[in-house]
Amino acid sequence: MNVLADQVFLLARRSVVRTIRQPANVVAPLVFPMMLLAVNSGGLKAETHLPGFPTSSFFAFALAVPFIQGALFATMNAGTDLARDIQTGFLSRLSLTPMRGIALLGGQLGGVLTLGVVQAVVYLTVGLIVGVRLATGPLGVVVLFLFAMLVTLGFGALGAFAALRTGSGEAVQSLFPAFFVFLFLSSMNIPRNLISTTWFRDVATLNPVSYLIECVRSLIIVGWDTEALVLGFGVATVIAVVALALANWALRVRMART
Amino acid sequence: MRTLAVARGVAWRTLHNVFTNPSLFVPSIVFPLFFFVAFAGGLSHVQDVPGFNYSQGYTAFQFVFVLLQSAAFGGVFTGFGIARDFESGFARRLLLAAPSRTGILLGYSVAALLRWLVTATVLTTVALAAGMNVGGSGVDLFGLYALALIVNAAALLWAAGVAMRLRTMQAGPIMQFPVFLVLFFAPVYVPLALLSGWIHAIATVNPLTRVLEAGRGFLAGSPTEVAAAFGAALALAAAFSFWALRGLRKAEVAG
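Protein sequence lines correspond, in order, to chains A and B.
My numbering puts the first residue of the first sequence at 800, with every later residue one more than the last.
My numbering puts the first residue of the second sequence at 822, with every later residue one more than the last.
Isolated chain A (complex conformation) (with noise of 0.2 Å):
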């Protein structure tokens, strides 16, 4: 056991180092979200005048979206950084070592959970500094970091799924657009039954982005909602679920290959 935590712990350790080394890997996640998240604030603000719009600050409101956009960040990371290793050889190499694995898997997506949290810090801090109060209080920091992580581990672990099934950067790289798509077919500017049109409520509410997304909003505007949290806790943990169990086998797929 000491051994498989060796490996991950130097594993995790070489994937933060790696994106450190990386600034447009480190500075994006954090600049791209706010930007965007002090673009939308901005333009959207008049939104909060509509009858039925939960809050009066459309900078709480909007400030769920950091967190899931950054962790949308994370599965570039990791899979970036992943098929890289395979790219060069590093995997193959690897593989001739007693390294197990999982211990890859696990040491990957233990980097890509750092970042995330450095993430969740630095979202959270400006939104603290911009007056943002969390209605759950000092409880609600907790559980926003540990859904936060939640999130990243998924996310992670899809990234890491694609680059062991395509052993490219490139290909990684292109599944940006369609997690942005996602992104902006969910409920990240108005709440979905402020949605007006009808297939885009529809399409809203299909999305699973937009459950991680209220489950966030929930504990900086709503407070203890049971049912956001529960949806938002069980999308996630299905999705990190199915993308580890894909993740493995495609590791193990990409091993017996090398």
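Errors might be hidden in some of the hints.
Chain A is faced by these chain B residues, among others (derived, beta-carbon under 7 Å) [as the list claims (entries may be wrong)]:
{"no.": "1", "residue": "Ala859"}
{"no.": "2", "residue": "Gly863"}
{"no.": "3", "residue": "His866"}
{"no.": "4", "residue": "Phe963"}
{"no.": "5", "residue": "Tyr966"}
{"no.": "6", "residue": "Leu970"}
{"no.": "7", "residue": "Val1011"}
Cβ pair distances, simulated, as ranges [stated by the list, open to error]:
{"no.": "8", "chain 1": "A", "residue 1": "Leu938", "chain 2": "B", "residue 2": "Leu938", "range": "52 to 58 Å"}
{"no.": "9", "chain 1": "A", "residue 1": "Phe889", "chain 2": "B", "residue 2": "Arg829", "range": "45 to 51 Å"}
{"no.": "10", "chain 1": "A", "residue 1": "Thr1004", "chain 2": "B", "residue 2": "Ala950", "range": "22 to 28 Å"}
{"no.": "11", "chain 1": "B", "residue 1": "Ala1056", "chain 2": "A", "residue 2": "Val1021", "range": "46 to 52 Å"}
Source of the hints: derived by calculation from the structure; they are not laboratory data.
Every residue gets a Cβ at the ideal spot worked out from N, C-alpha and C, and that includes glycine.
Dock chain B against chain A, hints included.
Using the frame of chain A, we list chain B on its own:
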């Protein structure tokens, strides 16, 4: 005459590359449609915000933004192609072979324009099929598309200036990010009067705000700020022409 011949050759090659390569062509069509769907569909309830008084409805309101956005990014995406030409070494051979190097820039500009016209046609067709209201006459609509055309040229000239100075695909974010900022710091979701705070202050001085408001006026059939909009768009295009030509000279010097 030599300039036109070079421009024709560069434009044909650029368009051939774009239209025969789905990974280049498809995103330039799909992304504007996606933004149109996401904004016009998802946020249509915004038209019920007190003070929102655009007569043609939210679909038309967003159409103008997405049309201008597609024009700007049509120019930027063509700039990516210029950077790729430099990175692959093709542009160096082009500089050696072209009897008029200004024609190279002209060729890229014509390609960006024709490429965007295809996107604009698809976008307009989809918007009309979705039931977009059009209050403007033929002359008004000509004004709208003329504004978008100038924005397309300005964005291409900006991106070309960057591509010719840095001569690498890694310059992509530098071409793209300022355009993204200028676009989204305009009144994207609601009219300028409904913005408040820092975003209102920025949007007020943003030259694209004039273009956007005038475009929406054209589509509604009640032109507004026309001189300011064309003045701002033409000033941007003129400034970026100078920027791009200086970039071309720098590329020549770099060999």
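Now the hints, each set against the structure:
no., hint, in the structure
1, Ala859, "holds (4 Å)"
2, Gly863, "holds (5 Å)"
3, His866, "holds (4 Å)"
4, Phe963, "violated (29 Å)"
5, Tyr966, "violated (25 Å)"
6, Leu970, "violated (25 Å)"
7, Val1011, "holds (5 Å)"
8, Leu938(A) / Leu938(B): 52 to 58 Å, "holds (56 Å)"
9, Phe889(A) / Arg829(B): 45 to 51 Å, "holds (48 Å)"
10, Thr1004(A) / Ala950(B): 22 to 28 Å, "holds (24 Å)"
11, Ala1056(B) / Val1021(A): 46 to 52 Å, "holds (48 Å)"
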